[in-house]
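Engineer: Read off the chains here:
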Amino acid sequence: MSDAVVRVENLTRRFGEFIAVDHVNFEVNAGEVVGYLGPNGSGKTTTIRMLLGLLAPSDGKATVLGFDAFRQSEEVRARAGYMSQKFALYDDLTVMENLVFYGGVYGIRDKGRIRETIELVGLNGHESTLTRSLSAGWRQRLALGIAVVHQPKLLFLDEPTSGVDPTARRAFWDLIYNMAESGVTILVTTHYMDEAEYCERVGMMRDGKLLAMDTPSKLKETVVPGDVWEVFAEPLQNGLAALHGVNGVLRVGLAGDHLRTITERGKKKEDLQKVLKDRGVNVSNVLAGEPTLEDVFLSLAR
Amino acid sequence: MDDINLIEAKNLYRHFGATRAVDGVSISVKAGEIYGLVGSDGAGKTTTMRLIVGALLPNSGEITVCGYDVRKHTEDARSQLGYLSQRFSLYEDLTVLENIRFFAEVRGLKSNEWYPRSMEILEFVGLANFATRRAGQLSGGMKQKLGLASALVTRPRVLLLDEPTTGVDPVTRQDFWQLLIQITSTPLAPNLPSPLHSSPNIGSGDGGEGAVAVLISTPYMDEAARCNRVGFMRHGKIIAEGTPSQLRSRLTDRVIELRGSPLKLLRRIAQEDLDVEDVRAFGDRLHLRVREGKADLVASRLPSAIRSEGGNVDGIRVIPAVLEDVFIELSEQSYE
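Protein chains in written order, with our numbering: chain A, 1 to 302; chain B, 1 to 336.
If we strip away everything but chain A, and leave its shape as in the complex, we get (with noise of 0.2 Å):
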């Protein structure tokens, strides 16, 4: 595992009393996209402050690119972008005026460098477009190109894609993909479970702990205790109270115009629709249901 561009030991840290992160380990390897999921307050962003050297450990260790993260930070930060939810970008000036500003912060003064990073994130054409009159999306896109013009081996994104719609959020991915394709290796935070599922690789983060990381697939095989339904069935409170308690039913809830519900492996679509019409609830449907990212969450911090 020599070739790992993060690696994490131990890495810990408390402030006072309280302990931020706790005894986590990891590593990702080149050209990787890997996820950093955890609910606000769980400890990714301290991950990341550590990672990129502006905090200390209070116990374990990071290595970055080879670099001991903190005591090599400058080393680190010369060679890793990071994209920040609350990046600030400057509204007055232009978006080749935002590229040359931040360009010139790392040292980049070569205009065909500027010209590359444009044509990479896909802003040919908005060069001289207000950074102000940019949507959401493309505003994105500026702090992914800002992020990246100094050629970093090793990317931060922190939650790159909340408050977009689902058409930028495809072609912001589809950028990342190729990114990582050539080479360049990613770490996402994210607290939203549909950003987590573009990962190939996802720690789930909770109170500072990290509980589990493993591809989407896996995690869902292995972390989901049993098989997802989707119940269609009047009255739906009926149903509720139907299932709960039932011999083989690990979880149910209510899912708007459903009930979804886990059950052990091997139960039948026909022991749900028994046990419901048993106490009088109609069964319109019961589907069987695709396990998600929310559940594997669920199934570890319970």
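Read the hints as simulated data drawn from the structure, not as lab findings. Here the structure is a predicted model, which is why all the values come from computation and not from measurement. Where hints are given, some of them may not hold.
[To be verified] Okay, derived cross-link-like pairs now, PhoX-like style, lysine-lysine, Cα gap no bigger than 25 Å in a straight line:
1. B/143 / A/209
2. A/218 / B/264
3. A/86 / B/143
4. A/153 / B/264
5. B/237 / B/30
Starting from the known structure of chain A, arrange chain B on it as the hints suggest.
Structural biologist: Structure of chain B alone, referenced to chain A:
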């Protein structure tokens, strides 16, 4: 009584200068229904909500809440409304109970009314043990429940929630939705008199009289799936509306999941297939949207094409569409 629309908005228009924030929106939400307004930042969700609560006047259009015209009978309409805005304000120095008291008294409730009601609501949202804790000391999820409790203290028949679950723990979010669905289908208690029903009804069960109508906005597609009905908003317009199942059925047998490696090769070959309209990469797999009636054909020919170029296929199958697929398909159509 099932078909009474507690929220009825017709042909709403609202512009800010040259920006048409709300551009011909009609929404109706009946008792017992959760209507999800889904769209990106700037699509017009918040403006629509502010028009319905009467915080903002439309350039044209009509809105009634529980039968009251919001423009002419603003106070009557508002007395039926609970509103949780995106940045709802809590008094961090006040306790949980004091916060609720404040909102109750602003609405003109007396202490013999609000106190028992508050305890009941706090019990319901799971904050009963925290009644004396200062709001500033609550976690994000608890603050949000307090916001909901404050909006519920007047026993509104109509609840408007503007992106209430942004940034909260999935566990809390799950709880929040279970609460919301219960509020909607089984009312907590009798409601304030309204022109629509003269005799208040206690615990009337799901739907119909006494039940609450909820309008909730969210940028999250997985959350939209929990609503009874969904309206997709884009550029100030509702571009599609229906139950999640109806919306998803637009793409029945049109989405294929493909798993294998290397992903780059899979993507390229899928994109080259003429019957594949759209390719979305998801880390360890692809979702392909295919032309109508072509799913089996594509699923049978892609694996051989991939193998002939040295790739691996671990699995290929038709899967149910998710709302995100539908939104993307609709957005592409509205460009054409």
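Engineer: Are the hints correct? Go through all of them and say.
Structural biologist: Hints and how they fare:
no.	hint	in the structure
1	B/143 / A/209	23 Å, holds
2	A/218 / B/264	20 Å, holds
3	A/86 / B/143	23 Å, holds
4	A/153 / B/264	19 Å, holds
5	B/237 / B/30	21 Å, holds
In terms of the numbered hints stated before, the structure departs from none.
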